[in-house]
Amino acid sequence: MSHDTNAKLIYMANQIATFFKSQPQDEAAQGVATHINKYWEPRMRRQLFQHIDGGGEGLNPLVLEAASKIKRPQAA
Amino acid sequence: MSLIHEIDYGTPASRSETMVTLTIDGREVTVPEGTSIMRAAMDAGIEVPKLCASDMMDAFGSCRLCLVEIKGRGGMPASCTTPVAPGLEVSTQTPRLKDVRRGVMELYISDHPLDCLTCAANGDCELQDMAGAVGLRDVRYGYEGDNHVKARNNGDINAKWLPKDESNPYFTYDPAKCIVCSRCVRACEEVQGTFALTIGGRGFDSRVSAGMAEDFMSSECVSCGACVQACPTATLTEKSVIEIGQPEHSVVTTCAYCGVGCSFKAEMRGEELVRMVPWKDGQANRGHSCVKGRFAYGYSTHKDRILNPMIREKISDPWREVTWEEAYAHVAAEFRRIQYQYGRDSVGGITSSRCTNEETYLVQKLVRAGFRNNNVDTCARVCHSPTGYGLGQAFGTSAGTQNFDSVEFTDVAVIIGANPTDGHPVFASRLKKRLREGAKLIVIDPRRTDIVRSPHIEASYHLPLQPGTNVAILTSLAHVIVTEGLANEAFIRERCDWSEYEDWASFVAEPYHSPEATEAYTGVPADLVRGAARLFATGGNGAIYYGLGVTEHSQGSTTVMAIANLAMVTGNIGRPGVGVNPLRGQNNVQGSCDMGSFPHELPGYRHVSDDATRETFEKLWGVEISNEPGLRIPNMLDAAVDGTFKGIYIQGEDILQSDPDTKHVANGLAAMECVVVHDLFLNETANYAHVFLPGSTFLEKDGTFTNAERRINRVRKVMTPKNGYADWEVTQKLAQAMGMNWNYRHPSEIMDEIAATTPSFALVSYDYLEKMGSVQWPCNEKHPEGSPIMHVDGFVRGKGKFIRTEYVATDERTGPRFPLLLTTGRILSQYNVGAQTRRTDNVVWHAEDRLEIHPHDAEQRGIRDGDWIRLASRAGETTLRSLITDRVAPGVVYTTFHHPTTQANVITTDFSDWATNCPEYKVTAVQVMPSNGPSDWQQDYDEQARQSRRIAGKLEAAE
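Chains as they are written, first to last, in our numbering: chain Y, 1 to 76; chain U, 1001 to 1959.
Any given hint could turn out to be false.
[Unchecked claim] Subject to a maximum C-alpha distance of 30 Å in a straight line, what follows is the list of computed DSSO-like cross-link-like pairs (lysine-lysine):
| hint | chain 1 | residue 1 | chain 2 | residue 2 |
| --- | --- | --- | --- | --- |
| 1 | Y | Lys71 | U | Lys1799 |
| 2 | U | Lys1280 | U | Lys1440 |
| 3 | Y | Lys69 | U | Lys1799 |
| 4 | U | Lys1663 | Y | Lys38 |
| 5 | Y | Lys38 | U | Lys1619 |
| 6 | Y | Lys38 | U | Lys1799 |
| 7 | Y | Lys8 | Y | Lys21 |
Honestly, the hints are just simulated from the structure, not real lab data.
Using the sequences provided together with the hints, build the complete structure.
Below is the structure:
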């Protein structure tokens, strides 16, 4: 994975979190997870989890909160 | 086959529900009140002679040919201007009428050339027909007197004679043949709404005049063709008719340019297209057209079209022409090799919004059933994907809610981020007609687009916002509506989720959403926002029309939700005249989305994780379908750069030119091992292709397009594909080469499969379309005649959903290095990346992209109008020429992206909509400075493009 696409993925995840952060509190984390489950191809989710497992630097806290609800793809 | 002759009833239909019965020539006729006697007669099959009347325009009563006699009334009233009344006894043919009509015709013909045999209108001339109808046998006055016909009278110069105006590339104006019936002038006013034509002079000196006695090209004429269509003589004639002659048969088909989806008669002589004439029964266009659909079809026979398949090992090699079989076998082998080597998910496809529903369906089927993954996307990704997401969330379906006819019932139209007079001209004409009838207009756009102020049109409010602040403005409008008590609570209680509404209402009511607070960053004075909100909430039927200025932002999806909120809070959903109307860019972008082109959903917008939907297709296709979403176009390119995506089949889309951040697209394509481009021309993307499969035009195949109002229109083949095969046939052969057992014999069989698997298309078939003309989906047991208006009895999702829309400033910000904001758009005469329109005479209107810049910004930088300037962003730089104008606000610059040499997308960045990855084309921080000419990138690019278009054994192909 290049550094570039990783940064892009973090940016995209944070954008999604920014939207759902403004929604009613109890729906926010589920909203992020559902969105990523519906629209992110497994290798994108895999890359996201690699980053989260490595500490998740730079990720919006709401993404980290949603992580347990995001479907973890099988190893490549 | 024969020519389709449409009945001209002479005057428009009346909408009255009160019926009136009268007698015409002894026949009893019943028609709606307000109908003209002329139309009533035609209803009864009696054709009253006429020259100045046409049912496309209001009655005018100038030609004095349509006279009738009415029992008990004196004189001979014109039947076009006389309305019916109960019990009238009308005679259309009496000795007196015969004499008068013949006398009138005699006068017309005394000032008309008698060159009928060599005249271009021979066989299609109403003047000739009327001379015949009234039995004109002689012109007693002779032809020697005062006239407009001859250049010289008895050797002297005839000052009344005017030469032919051939300035327009598509039609000529020959004043010598004009009978001054004013049909062209009225068509320009009433149908097109441009007011470019007038009648100059009086009496015998009266002349049709374009602009201020200018030639057509110098005037305001937009070349829509309405005047040419209206002309009863050869005065305004298509140059193609002059060159070829009259057509002998015609076929109704659908335009392949924008999402309005106009119906045309393709008028043919053999397999040669003589002209395209808008079809009056076309429900989207009602007999009108624009310069693109009417005239700009020359690309279909352009010499640049590639007609043989080609292959090359490396993109630096010249192309090698091969047989179709060799091409299919090569692609099949390469894709199998790549999947074996890099995994099943390493390949994908892009469907085309330019191709038919059937073709699009096959490409996504090839990806899902042949490649066995969901890596399929379409160019809607870069235009209306946020519409799909936003409206899906709010209403439960991504579809626009209205038909185009709906505009005739609109009282307040709101246009947000759309420029319909350029982008969707035929819809714009219909809207302008309604505005001239008194409807009000609100425009929300950084630029002062033409519709803000043009002849007989003026927006009540123009909110010239800073690019990127749509959500702030729309939330402010909602703030005013909610806090001033203008919400339609009865509608909301009945149709929407009340607790979600309450949550949303308290959110928008926060003081920081007030126009006074948002003014600081939107740049729009608070009183304008308040005025616009009050007008929209209280002005009657409110309809919102929007375009890519809404979607192509980091907050594109949020803006669409904000639009849905505004429609719901004012109760403007579910009836004619209201609604949320996305103006779609491409002819079949609606259809390509419907057909399952997105990586997360199967046809009919059903998510791939839905077991029941997958099962439907799995049973029919005999394969297992992946339940995981695939890659979207930008994700494909990212994956390519990362080395996990290696092969792509692109049908009819030029991602290198149309997608943002060109350098990133180029890197992604360059990293792939097999790029297959299926297109008419060696487009920009083909510079990076290994296989080229020649495509066919809309004139060369059968199929359907679905327009912005969900209307499924037939596309009919009028000529043999120059390349040998329609695009669906090519995809099918490719699938067969990959071992798939496909045997469609005709696109109708593909549509049958779509109908069998997709509930919203359940009743659609070619037979049914033949019977109905067209239908708007959903078209099924519940809606057998289709659905002109959506959400009539309630929202598709049940209760309408109000969603909070918090404004988040884009990260693309101005600063010392890049102090200006660039936004992009289109122009009337060119279409999208220009691949088609640049290969027509439309280039006379727009030969290059220009950068619009405010005089203040230009002066600061020492830039004069027409100077070469350098345009730079953090992504790249390019050069183009300036156009100084106050249509853009200080701090904002604007350009079109129709020409590949401009490379506007070298400038745009990789920022995108949070929900859909739709690129943020509409906001880029830039700097502008004087320049001497093309940038290094442009020169390198040109050289690379030239190299990559070489075909072994052929002279270099010219762009």
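Status of each hint after checking the structure:
no., hint, verdict
1, Y:Lys71 x U:Lys1799, "29 Å, holds"
2, U:Lys1280 x U:Lys1440, "27 Å, holds"
3, Y:Lys69 x U:Lys1799, "26 Å, holds"
4, U:Lys1663 x Y:Lys38, "29 Å, holds"
5, Y:Lys38 x U:Lys1619, "23 Å, holds"
6, Y:Lys38 x U:Lys1799, "22 Å, holds"
7, Y:Lys8 x Y:Lys21, "20 Å, holds"
Hint compliance for this structure: every hint is met.
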